[in-house]
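Enquirer: Please arrange chains B and C on chain A, whose structure you already have, making use of the hints.
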Amino acid sequence: MVANVPLSAMRRELGDEAVVSGRSRAWIALRGNPAFWIGAGGVVVLILLALLAPILAPHAPDLQFRDNGLTAAGDPVGPSAEFPFGTDRLGRDYLSRLLFGAQTSLTVGIGANAIATLVGVLVGATAAYVGNRSVSRRLGRWAVRLPFPVSSLLMRATDVMLSFPALLLAIALVAVIGPSLLLVLIVIASVMWTGTARIVYGRVLVVKELDFVEAARALGASGSRIFFGHILPHVLSLIIVYATLGIAGTVLFEATLSYLGVGVPPPAPSWGTMIADHVGYYATDPRLLMLPGLAIMGTILAFSLLGDALRDALDPHNWR
Amino acid sequence: MASYIARRLIWALVVLFVVAILTFILAYVLPADPARVIAGAHASAEDVARIRHALGLDQPFLVQLGDYLARVFQGNFGHSYKQDRDVLPLILQRFPATLELAAGGIVLELLIGIPLGVLAAVRRGSNSDRAATGLSIVLISAPSFWVGYLLLNFLAFQPLVNAGIGIFPLSGV
Amino acid sequence: MKPNGIVRRLGPLVTAAVLVASCSSSQATSSPAASGGTPSHGGTLSTAYQGDIQSLDPAIAYDTESWAMEELLFSTLVTFDRNAKLVPELAESMPTLPADGKTYTFTLRKGVNFVKSDGSVLREMTADDVVYSLNRVLDPNLTPNPSPVATSFFGNIVGAADVIAGKVTAASGIKALDPNTVEIDLVQPDSTLLDVLADPFGSIVPKEYAKEDSAAFSAAPIGTGPFYLKSYTKGQEAVFVRNPQYWQAGLPYLDEIDVHVGVDANSQLQQVEAGTLDITGDPFPSGSFTSVVNDPRYKDRIVHQTLVSVLYIWMDTQSQDTPLKDAKVRQAVNYAINKDNILKIVHNEGVIANCIFPPSMPAGYDPNCKPYTYDVAKAKQLMADAGYPNGFSTTFYTDTADPDPQIAQAIQQDLAAINIKVNIVTQEWATFLTTAETPHAAPMGYVSWYQDYPDPSDFVDPILSCATAVKGGSNFALYCNKDVDAKAAAARGEQDPAKRTAEYQAIESQIMADAPWVPIWHQDWYTLLSPRVQTFYLHPVWYYDLGNYSVSGG
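Order-wise, the sequence lines are chains A, B and C.
Mapping of the first sequence onto the numbering used here: position 182 corresponds to residue 182, and the numbering continues sequentially without gaps.
Convert by adding 320 to the 1-based position in the second sequence; the result is the number in the numbering used here.
Convert by adding 493 to the 1-based position in the third sequence; the result is the number in the numbering used here.
Bound conformation, chain A alone:
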């Protein structure tokens, strides 16, 4: 991966003899950035917690303890030896639900974001690369120009999608199809791809005018080879950065959907659902809201820090 930074700048930074490759330059920038370590550390911890939840959790997350999970008045019990973080409204262990909630959030967050990124990159890059063509055909005596405004169509579709009330779409789809993890993934992806599409569109427009692309074309490379072999790699760093930042967005979206009751179906633990179930306790037992909220915040923070650090390191336009 070659970054478009003048060698003179590199020499000034690292000295004459250190002509380093792009990959190493990025790594040097990253490792000096505390945000990267905090973010990456957080992400690793999260992934570990999610993967090891079945081992770490003291109880099953869906098990309602009928005997001692609730007070006599029917309220959740506070932290104790058996329930380190207390129980919820149905007498389920809160710590276990938090841990398994990490599985839900990360699955949906990363999964939806992967789909969204894929779709966004394809749409944006295709729109920018293909542009607005028109094709001439002969029909009898007439020469007809048929417009194929690929770019306009794709980007207007993106506009429509952006203007669409995302929540309304999500609620309607869940109401029609029925709630499930897969549907939540699809709904989130179908709304979040537009951001990536626009960014990729802008970048590909720039990249395709650069010298090396023209050189490749002059050497006779086919359209798709240029597209996949020369243009996309230059967009790759951008994609990585915005994919990471996008995970923060999809995690938040999943929490919002669950909060509104149109996320993963009960009794699956999701941090958003845990908040929604216990809003009535905001004054009388704040622990019930604090813990899942902090979990969401921590997750989004970790991915945001990581994404920001990656952007600082990988995006050559940020080099000073």
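Only true hints are included.
Footprint (simulated), chain A over chain C, 3 or more residues, beta carbon under 8 Å:
{"id": "1", "segment": "838-849"}
{"id": "2", "segment": "898-904"}
{"id": "3", "segment": "911-922"}
Derived CB-CB ranges, DEER-like:
{"id": "4", "chain 1": "A", "residue 1": "T71", "chain 2": "B", "residue 2": "Q478", "range": "14 to 24 Å"}
{"id": "5", "chain 1": "C", "residue 1": "A909", "chain 2": "B", "residue 2": "L329", "range": "51 to 61 Å"}
{"id": "6", "chain 1": "B", "residue 1": "G398", "chain 2": "A", "residue 2": "W142", "range": "46 to 56 Å"}
{"id": "7", "chain 1": "B", "residue 1": "A332", "chain 2": "C", "residue 2": "T726", "range": "30 to 40 Å"}
{"id": "8", "chain 1": "A", "residue 1": "P165", "chain 2": "B", "residue 2": "L329", "range": "16 to 26 Å"}
{"id": "9", "chain 1": "A", "residue 1": "W27", "chain 2": "B", "residue 2": "P479", "range": "49 to 59 Å"}
{"id": "10", "chain 1": "A", "residue 1": "L153", "chain 2": "B", "residue 2": "I325", "range": "15 to 25 Å"}
{"id": "11", "chain 1": "B", "residue 1": "P479", "chain 2": "C", "residue 2": "Y943", "range": "35 to 45 Å"}
Simulated from the structure, these hints should not be mistaken for lab results.
All figures in this text were calculated on a predicted structure; none of them were measured in a lab.
Yeah, the Cβ is synthetic: ideal placement off N, Cα and C, and Gly gets one too.
Expert: Structure of chains B and C alone, referenced to chain A:
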């Protein structure tokens, strides 16, 4: 320049039009039955059917879509089934409060954000910079629907109940 | 009433009947606010609701907020007193029970006036107004939509079907014999006629003002009730002012009633505590329930009563895809549900339901009806007997309103103990109703039923009869037992109260044996009052009988 603006405006209208149609389709496809909402859970099937017919909800989809678009172009945005009011007055009635909230939010945003940003930039690399940047990135990561309840609890409820001090009301202004 | 409350004004001597009515309480209420003493006259009472008032047109509105308001503005021929007993209101006395069960004659009270929106007299009410009002409910041309109860409540009146079909404008079975006498003829004998006439749908309205434009009449309603509407800002507040022309001397006590809408339950509690609100209109939020009920400050100011309601699981008795069509399986489910636990989840805000009719419905309640207990071993045995020792999977539907999703999850764990694995689908209310009333779309689910009137027929015919086991009907279990149907039709027309109760109790036992449902609990209604509230009781039908309350100190 003028033609650019004109083109963008026309596209904006087209987008609005498409979104309106899509939203209508969405509401139509939803299994919820407005006639049942009006009639209530207890009404018999016959009575609900009669109400559905009176509201024109049993007409073919294209007829309903056509009626809807025709009304929109005349400025009649329909009638809310649940609230038994016309939509346009309903939205307009809420508008001042929405404006108040949005404007208030922006003012607060600027009052807090601009000084903090300037501080961070002027003292780049110092502890104030780290603190300001750190604080802002942490708060951005907090889900807004959650922060609302935290603020409600700590700024409105706790002072009121524990110390009798009413700083903020529990609802309203 | 507070024993040494300051009585600022002793108005005209209150009739003994009213005193007795406000002092005695045979319901299971804790109502320290209404015990002895003379209610004071004057003052303003305020209450608040979260939901908006649907409409003030009595032919249309079908929600509890609107009904409470309509009780202030309008009067009906007969009404329910605070013990759910039918008593005359605009009729001078209760009609004699017809020999053939089909002809009811009402003699109207004289001197009852419609009141205008400025408090002055419009004119006297006559039998023509009664005829017009009842026909208006049948009118298919009301805009924007006709009444939701034309068929179900008034369809049994002779000629009603023709009015509903648009063939005639007046039913031949509703006659004004003279300016003070009204006769109603029924097609089939049906002793629930008086119940439906007591509901706000039977309100008497003036024919020159209550036209077919429902929205117009709702904005400027005119009736004969104890209050008239002074102002109404939709989505915010409605203000009712004492009707000086009210035909009942000495009533109402209050000068003014303010009803705020769009106020959430948490704020209602806080406002009562701050003294800016007198009565909470909605149940306490689940998270605060325990702390409010145990708060020593509120000790004498919380009133609660078991509603005429039943909250239950339905099972598709005609299901082709699941074993639920087997009665043994449904009985197994009945044995498998831990109702004590569910009641605990809702902070014991109710009582367990062993059968269908709640204890607050004396006309049908059977304390000896207890066919099923919580017995997981027996449930498993029944499942094995039915041929499903390894259980089955199905989907369980409920709505998103708290605490229904929580209860659904508790039920899910109970069913898992007998190997029935359910996936829970929660839907917003309107979607949920549409799904549940589509045959076989929802094989199992949890829902509630609240009365229209406190008669056992209201808990059988709309939800457990063959006629309603159709698309769009409220019989989600698709329960159809022809024998039960025949018995229910006979009981409906039965006039002897003791016989009627026995007949309905037998019907209840038979239905419970078929087990289309698992009745789980009957809900209580809780209210917090401010210290100024003097006369207060929870009404079994409209919850708040604002027109008969009083405040101390004015």
